[in-house]
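Asks: Sequence:
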Amino acid sequence: MEKVKRLLEHTPLKATPQRLAILNEIASMGHADLETIHNNLSKNFPSMSLATIYKNLHTLKEFGVIKELNIDNTKNKYEIAAQPKHHHLVCKVCGEVTDVFLDISTIGPQLKDVEGFDVDYCEVYCYGTCSNCKNKSAG
447 MEKVKRLLEH
457 TPLKATPQRL
467 AILNEIASMG
477 HADLETIHNN
487 LSKNFPSMSL
497 ATIYKNLHTL
507 KEFGVIKELN
517 IDNTKNKYEI
527 AAQPKHHHLV
537 CKVCGEVTDV
547 FLDISTIGPQ
557 LKDVEGFDVD
567 YCEVYCYGTC
577 SNCKNKSAG
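Residue 447 is where the sequence shown starts when you use the numbering used here, and the numbers rise one by one after that.
Note that these hints are calculated values from the structure, not bench results.
This structure is a prediction, so every number in the text was calculated from the model and none was measured.
In this text, a Cβ means the ideal position worked out from N, Cα and C, and glycines have one as well.
Hints are not guaranteed to be accurate.
[What the hints assert, rightly or not] Between beta-carbon pairs, the in silico distance windows are:
hint, residue 1, residue 2, range
1, V560, S493, 53 to 61 Å
2, L496, G476, 15 to 23 Å
3, N578, A461, 34 to 42 Å
4, C572, S474, 21 to 29 Å
5, T457, K531, 17 to 25 Å
6, V565, F491, 23 to 31 Å
7, S474, K521, 31 to 39 Å
8, F491, K449, 18 to 26 Å
[Stated by the list, open to error] Pairs of lysine-lysine, DSS-like flavour, derived with a Cα cap of 25 Å:
hint, residue 1, residue 2
9, K501, K521
10, K449, K489
11, K449, K460
12, K460, K501
With these hints in hand, go ahead and build the complete structure from the sequences.
Replies: Listed below in structure tokens is the structure:
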């Protein structure tokens with residue numbers, strides 16, 4: 447829980463039990479959507495509403511503590527923003543999101559040469575079928 451508390455140190459946000467629980471849930475899952483967070487937290491926080499979680503997610507995102515992943519054809523997911531720079535593999539069957547570390551350092555210079563565009567950062571989402579779903583369909 448201390449590790450999660452430290453995520454809030456450089457923000458004006460208070461380390462409320464709700465925020466800590468939400469952050470802990472996201473940290474433990476890696477990537478989590480609003481409904482999954484709510485379902486998991488309602489066991490220990492039965493009075494925590496979906497609206498409370500949504501408001502806290504919005505605030506945590508606003509202060510750069512978490513990132514929202516806008517993934518095609520699925521519910522948006524959240525992850526801890528302080529993680530090392532990475533990209534995402536998204537399973538089109540089950541919606542599982544896997545972090546992947548790619549060297550895409552050549553994309554920025556290529557775009558500048560072609561379009562005259564200065565790239566500050568790049569997020570890559572690769573869509574396909576995870577090994578679990580491939581194995582289920584093969585068996």
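Asks: A separate judgement is required for each hint: does it hold in the structure or not?
Replies: For each hint, the structure was consulted:
For the hinted restraint 53 to 61 Å between V560 and S493, the CB-CB distance of approximately 54 Å keeps it satisfied. As the Cβ distance of L496 to G476 is approximately 21 Å, the hint placing it in 15 to 23 Å holds. For the pair N578 and A461, the supplied restraint of 34 to 42 Å holds, since their beta-carbon distance comes to about 36 Å. Remark: the range hint 21 to 29 Å for C572 to S474 is upheld by a beta-carbon distance near 24 Å.
The hinted window of 17 to 25 Å between T457 and K531 holds, with their beta carbons roughly 20 Å apart. The hinted range of 23 to 31 Å is not satisfied by V565 and F491, whose Cβ atoms lie roughly 41 Å apart. A beta carbon spacing of about 18 Å between S474 and K521 contradicts the range 31 to 39 Å that was offered as a hint. A C-beta distance of roughly 20 Å is found between F491 and K449, which places it inside the suggested range of 18 to 26 Å.
Using a Cα cut-off of 25 Å, the hinted pair K501 and K521 holds, with the two alpha carbons roughly 16 Å apart. A C-alpha spacing of about 22 Å is found between K449 and K489, which places the hinted pair at or below 25 Å, so the restraint holds. A distance of roughly 15 Å separates the Cα atoms of K449 and K460; the hinted pair therefore holds under the 25 Å criterion. At roughly 14 Å between alpha-carbon atoms, K460 and K501 fall within 25 Å of each other, so this suggested pair holds.
The structure fails hints 6 and 7 (numbered hints given earlier, in ascending order).
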